[in-house]
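Protein sequence lines correspond, in order, to chains A, H, X and P. No gaps in the numbering here: position 46 of the first sequence is 46 in the working numbering, and each next residue is one more. Just add 1000 to wherever you are in the second sequence, counting from 1, and you've got the working numbering. Just add 2000 to wherever you are in the third sequence, counting from 1, and you've got the working numbering. Just add 3000 to wherever you are in the fourth sequence, counting from 1, and you've got the working numbering.
Think of the hints as simulated: they come from the structure by calculation, not from any bench. You may find that some hints are simply not true.
Listed below are the simulated SDA-like cross-link pairs for lysine to any residue, each with C-alpha atoms no more than 25 Å apart in a straight line [unchecked claim]:
1) A/Lys401 <-> A/Leu313
2) H/Lys1315 <-> X/Asp2006
3) A/Lys76 <-> P/Arg3273
Across the chosen pairs, the derived CB separations fall in these ranges [as the list claims (entries may be wrong)]:
4) H/Ile1398 <-> A/Leu243: 51 to 57 Å
5) A/Gly316 <-> H/Tyr1366: 55 to 61 Å
6) H/Ala1018 <-> P/Lys3132: 50 to 56 Å
Residues from chain X shown here face chain H by an in silico Cβ test under 7 Å; the list is partial [said to hold, decoys possible]:
7) Met2001
8) Asn2002
9) His2102
10) Ser2105
11) Lys2111
12) His2255
13) Ala2262
14) Glu2265
15) Ile2336
16) Ala2340
Even glycine gets a Cβ: it sits at the ideal position worked out from N, Cα and C.
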Amino acid sequence: MDMDFAPEDLAFQKEVRAFLDDKLNARLREGAAGTPSVFTEPDITREWQAILAEKGWLATSWPVEDGGPGWTPTQKYIFEKECAIAGAPSLPILGLRLVGPVICHFGTPEQKARFLPRIISGEDYWCQGYSEPGAGSDLAAVKTRAERVGDKYVVNGSKIWTTHAHHANWIFALVRTDPSVQKQRGISFLLIPMEQPGVSVSPIVTMANDHEVNATFFDNAETPADNLIGEEGQGWTIAKFLLENERGGSCAAPALLAKLDRIERWAREEASGSGSGSGGTMIHDPNISQRLARLRLEAQAFEVTELRILAELAKGRPAGPQTSLVKLTSSNLRQQIDELAVDLFGYEGLQLPVTRPLYGNEAPEYVGSRAAQLSMPAYLNGRAYTIFGGSDEVQKTIIAKQVLGL
Amino acid sequence: MDMDFAPEDLAFQKEVRAFLDDKLNARLREGAAGTPSVFTEPDITREWQAILAEKGWLATSWPVEDGGPGWTPTQKYIFEKECAIAGAPSLPILGLRLVGPVICHFGTPEQKARFLPRIISGEDYWCQGYSEPGAGSDLAAVKTRAERVGDKYVVNGSKIWTTHAHHANWIFALVRTDPSVQKQRGISFLLIPMEQPGVSVSPIVTMANDHEVNATFFDNAETPADNLIGEEGQGWTIAKFLLENERGGSCAAPALLAKLDRIERWAREEASGSGSGSGGTMIHDPNISQRLARLRLEAQAFEVTELRILAELAKGRPAGPQTSLVKLTSSNLRQQIDELAVDLFGYEGLQLPVTRPLYGNEAPEYVGSRAAQLSMPAYLNGRAYTIFGGSDEVQKTIIAKQVLGL
Amino acid sequence: MNFDLDENQELFKAAVERFCSGQDMAARRAARALPGGIDRARWQELAELGLIGLAAGEDDGGMGGSHGDLAVVAQALGHAQAVEPWLECGFLPARLLAGSAHLESVIAGEKLAAFAFAEPGRRFAVEAQGVKVRGGKLSGTKQFVLGGGAADVFVVTAEDGGKTALYVVDAKAAEVEVRPYPVADGGVAAIVTFHDAAAQGPLSADLGAVIEEARLLAAAEMVGIAQRLFADTLEYLKTREQFGQPLGRFQVLQHRMVDVYARVESIQSAVLRALLQPEAPMAAIKAHVAENAIWVGHQAVQLHGGMGMSDELGVGHGLKRIVLLSKLFGDPASDILDYARAA
Amino acid sequence: MNFDLDENQELFKAAVERFCSGQDMAARRAARALPGGIDRARWQELAELGLIGLAAGEDDGGMGGSHGDLAVVAQALGHAQAVEPWLECGFLPARLLAGSAHLESVIAGEKLAAFAFAEPGRRFAVEAQGVKVRGGKLSGTKQFVLGGGAADVFVVTAEDGGKTALYVVDAKAAEVEVRPYPVADGGVAAIVTFHDAAAQGPLSADLGAVIEEARLLAAAEMVGIAQRLFADTLEYLKTREQFGQPLGRFQVLQHRMVDVYARVESIQSAVLRALLQPEAPMAAIKAHVAENAIWVGHQAVQLHGGMGMSDELGVGHGLKRIVLLSKLFGDPASDILDYARAA
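Excised from the complex, chain A in its bound form (with noise of 0.2 Å):
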């Protein structure tokens, strides 16, 4: 047993870093940092991409025919991970990981050319339509229906929790091609232009002040036929390869521990004036250190379950069951993480400032800390880390019954 990279891919993580020291500039790493809802917005975003798209090591889950690196999984975890401990921007995900990889898989040769060199060049910006008011995590409920007129679809209907619908001028939605079929065989998997009259956008703001995700509703929309994904009937399918793939090699722990070391820091620095009669700095005060201490024991350990994951996936074999644990071990963990840093700050974690971005110039005068303004939209952001992409509630049920047995 050893937990060590092999030496290739010691030299690997040793190009990546000095990669992110060269190209990970201040204005990118305060920008990721600086942005407390899950997505990092489009500016950031694309400034990193065009970066990393320059270098060949944008849309890494994508095969090399298709414009991926050709990484190993021990590879595509070193990359995320120096990448989490330097505060790299997060990627429009939408695009790169979960649509990208479906047209690699399912699309026809006309469709990949149309759409994979686009998400690369930043030129397409994705948003998914997935769930519809009303439905919550039961995707099967699919109302949304899409008709089959001429050589394109219409489309009526409306989804929920379309994250960055705002920003995107395409979506992937799961639409009910046949109504006549049951729940899950009538659906199907389309690609539709946001830039039309017959769709519209309504923003949510989170309590958090946070515009990040939209209800996008479908009013006679119309998209080419060819914008359907296999086959009609097919979407269920496709929807299922998109999770699973999701599901494969993760590296949420990395992120999770360099984020328990900013507030370790944060601690020695936050002067004690509380009553509980510690003195000095917070980091001596019994309760935030033993929950910080606590916490750091849990990711740790969560990081070696995700490395038990990954030295499977490297000797081609399939990932254990711990797969189905990630979501819900990271996301509950990254709750207490949250809520620990606005326990830090005392009065300062209160503030919840009402407008954005919380970087660069147009950001708002902090109280006490930028760390301190960002404690508490985190915190209430995270809230939903638990309840979208399956609430653990789902997520539990099915776990129970795919890998317990139940």
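Assemble chains H, X and P onto chain A, guided by the hints.
Same frame as chain A, but now just chains H, X and P:
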């Protein structure tokens, strides 16, 4: 709003305190404190029962005409509270609190005359035959069969978790008298003498090494037909009466608070030699002291919840829905308190005596203190609080349906 | 022993309910968007109902409400998700300004007062250090002055000969610099810097006692919010369908709601105890209430799913107000630790 | 990167499984009922499998097993719910007696050694204070000497010129008084008092390092037990019917089991990290493992219902062994606090 007892209740409280000061001798206190299982052993309870019977304070939940003291709900509460604080032994409630009130309410004059005086005198010691092997909290799944043959019932089957069956000379049991009708409807409530060849008792020792519960087997056991309470088929109704009778006013918090006071006292005496660097005594350990603080806050709130229920009963109004939470709250609190005691004592908390009793001259030598010796068996036996009498899970389902309307 | 509200308390509760009825999210947002985050007309209405004067003594022209009266109001405001900072700008000034000439107009709702007690870098410390009074002039900086963006006067804690004393400063004075900033519950706080500003005082109020009362009322308000979140979530689970049945049919959600219910009952009892036993440790009880109320808030958001996250629903607002109150005059972790250490 | 067991580790694991197969509750109880609580014949068998020698260096006639090898054995013993105190009377003496003449017979299973480190009233302190060595004679009292009722020799920590040193004392010497008492996991510990007993030593072992290793192995054993409890409970839920369906069909129990599963995976990962990263903080990792393992134990008892409470099933035995191990060389709360303070 106020939380004070009325003057006449304060006078009663004084009377109870004086009585306890006078009658609750050291042997009884030691016996009560030295019982790590749920029920105090009969050698202790018999002595205490006789004292209370003489005073007329024994069958507190019986009607006056059957020998009860005619107390108000507030008087009952005060009596129980003072007993808990003074460390009085528990009483054989299976007779006094369970079958007693059932006989008072459903019994014929002959049954009352026959059974009630012998419960008070202690001549009869009762156990309860409810659960059956393989059915756990599912009481309606009774399989034990009682067949009417002439002027008696012949009983075959088995009961499990029969507390103190090895001390009892009578058992009250749910039995199936009519297997042809639907689940609940064929059940009857039957009194069966234990001292006969058809009844055998097999001990179930707990992981704490305590023998408190048993499996009880009926192999053509007999009981006169006039030992049937109520009608044939009325068993389920009687069982429900019994449960609801149990769920009236409760007085669990004072004992919990008394235990927390004791733990605090021990924490002030228990030397801290741990690596935690707190020095002095364990009361200065921030983890021990904060657990104690949180549990005390919880238990004090819970005390008010019980008083809120009492205030309703005292006004002659039905107890509020909070009643449903009493068992759930008290059993979980109790488990946390027992766990804290174990943790307080370090290595001394890990001793687990194999012989009983743990009071009097027969008690084995302790390591450190008697309190330390009792902590582990109390903790282990206490895991049952959330299992017996309807597990936490069963309770929650009932509350969700009956109180929350889900 | 009696846990029923008395007649007056029923009236106060009804007054709050009437006052808040019809205040939907849009009204809430509109009020918060005003300069300083407070709708002064509504504030005056609140005052006219006697709800500010309730906190002032009868000698001071107030109604001399009991702790029970005040807690009923706080809990009702929490339950109604009122947007008005009654605790911060109503109760606190009415108590702190006892005997002051400002009190009458504060009780009348004409003058808005804010309490400036927190100092940068000193966490929850109540003793003033950075703000000093010398020769009748106040200098130094306060932060987290709730309602500070709208205030006409500030009640300020200041170091005065090594002790902490209370002074009143005109918010509009040239020597007072007010920088408003938004806080978690949607309200507006301010950083206030005094540059040798003229100070009236010291006031005679017992600062420690008033803070203890404020903790009690913060706890009562949290209980009100938690009860509301419980009720709204229960209703949601009964009506919202998913996977072909009401959410409330799922056993895990049923049991979760029982846990929520149990905690809501527990904190209601905790506040009753704080109310009725004068020697009860307020900060610790508030901490106990806060920890449970935050958990209830988290569950309410979680069980509402995505909609629970949005600014449209009251759920998030409830959670945010709870979080703010949980840290007012000390957070749960510090308060439990202090209580444990004092044992 | 590789988390697979190597060939030798697979062999050790298989050896443990063979050794424990057929050891039902009756056998377990019989062994525990023997004087001193240890079946010496079984102990010798364990030794003959090389499982004690595995912990001793090759220079000392042992097999010089790696941490990984030892952890595999500890975890397998935990999973098999072995009754033998391998960690306490196998691993610890084999490590502590490095270079001693006693080692050979200890490795061979002929001589049983117990480690006397805990002192009355000094909680988890590792430094000796109450037991002193003066002029080659040992005096003072130890408690919680695991296996102490059966031991032939004691390895004892003793204060020696202000430092803590290790000595060996013959358990049968007239100057040694042994009072056995039963402990939580069903084993027998002893209070041992030395009345100027002849002591051999000091031994050369690095006490601090050996305790760190023992913490790692205690954690590994807890993981093995937790995995076993998880598997047994899962099986029980699948087969046991109540209210007309298998318990495992109830959603709350399904979700609970997912939580159990998540924690079991987490502590397996924690132990792997402790194994493979020499700089990992062992006491803190053991604490993390222990807190989770105890929770798993509680759930296993709860989900087994009444049967989980009984001495008949392995469930309670698993919980009890976890509880004992959780406090060996420090309990979780103290260890987390120390770790937090050292940060």
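Results for each hint:
no. : hint                                : in the structure
1   : A/Lys401 <-> A/Leu313               : 23 Å, holds
2   : H/Lys1315 <-> X/Asp2006             : 15 Å, holds
3   : A/Lys76 <-> P/Arg3273               : 21 Å, holds
4   : H/Ile1398 <-> A/Leu243: 51 to 57 Å  : 37 Å, violated
5   : A/Gly316 <-> H/Tyr1366: 55 to 61 Å  : 60 Å, holds
6   : H/Ala1018 <-> P/Lys3132: 50 to 56 Å : 53 Å, holds
7   : Met2001                             : 5 Å, holds
8   : Asn2002                             : 6 Å, holds
9   : His2102                             : 32 Å, violated
10  : Ser2105                             : 32 Å, violated
11  : Lys2111                             : 32 Å, violated
12  : His2255                             : 4 Å, holds
13  : Ala2262                             : 5 Å, holds
14  : Glu2265                             : 5 Å, holds
15  : Ile2336                             : 5 Å, holds
16  : Ala2340                             : 4 Å, holds
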